[in-house]
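In terms of the UniProt record's numbering, the sequence shown is residues 1 to 296.
These are calculated hints, taken from the structure and not from any lab test.
Watch out, some of these pointers could steer you wrong.
Label pairs and their in silico Cβ distance ranges [what the hints assert, rightly or not]:
#1 293 - 262: 15 to 23 Å
#2 29 - 61: 31 to 39 Å
#3 191 - 98: 32 to 40 Å
The beta-carbon is built from N, C-alpha and C at its ideal position, and this holds for glycine as well.
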Amino acid sequence: MQSDSTTEAPVTAGIRRSAGRSVATDAGGYRVVALCDGHVDFDLSRLPGVALDDALPVAAPRGVDARDLAVSVNAFAVVGPDRLYLVDSGNGTIRGPGLGHLLQAMAAAGLRPEDVDAVLMTHMHGDHVAGLYDGDRSVFPNAEMIVSEAERAFWDAPEQLSELQRGQLDMARKGFATHSGRTTIANPGAEVVPGITMVALPGHTPGHVGYRIDGSDPLLIWGDVVHLPALQMARPDWYFVFDVDPETAVATRRRILDEVATDGIRVTGAHVPFPGFARIERAGGGYLYRPTDESL
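Assemble the whole structure, with the sequences as input and the hints as a guide.
Have a look at this one:
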């Protein structure tokens, strides 16, 4: 909820008005379309142990008020000459009117659910998987689902789940059930579809992955490596409450931020401010998220 004591910060205002929008860029011979499913309002409790007095001066120069946090929920269409893939599927109908706008965003981009050939899952939390189904119906009836082996194993062992993760279990199970017979299990390093490689990014969940679109001007879609860029870029050690293994999530974030800052590869993700296409720069002990032209 917006703070009564402040005017809405510019980045936050942009996040809150992006539901149902689509923005496209080119990468590796594909057209990549960012699809905004909506946003979620958060408070600072989602970053355990982070004090408001520490967060305010970090967020303010980046156009965000740490007392009034909003997080984009994005998915991505990867459009080839004769194939259409999605990376994640948004929230579907499981939450309120601020979410569940993926199909609207697809329509705005001229894309139809029945034309999707595969949905590449970064992981199986509800804001990524629940858009796969509507009741018992598959929203993408002709699509296979691609998921990492470690992610499948994680949800197949409910006894190991924390109470917080058990709240996601039914949604993960339904995602698998509605794609029974249409699920491909892969491992990081595999080219899961032509020109797109699964990348290991564990910590948020054990099987959390990203997808790198290779070729000219490549792009890494990194899933939930970062939830609150205005804070976690400057302080990669600040973890998110839904991280299954916070220590590994922090190590993964540091590693991948260092790699993309060194390589200059573009990135985007599920929870960066829509549409999220950016390059990463080092800044002191942290990093800066520099939106590329199509994100401005």
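Practice task
Enumerate the violated hints, using their earlier numbering and listing them in ascending order.
Solution key: Violated: none.
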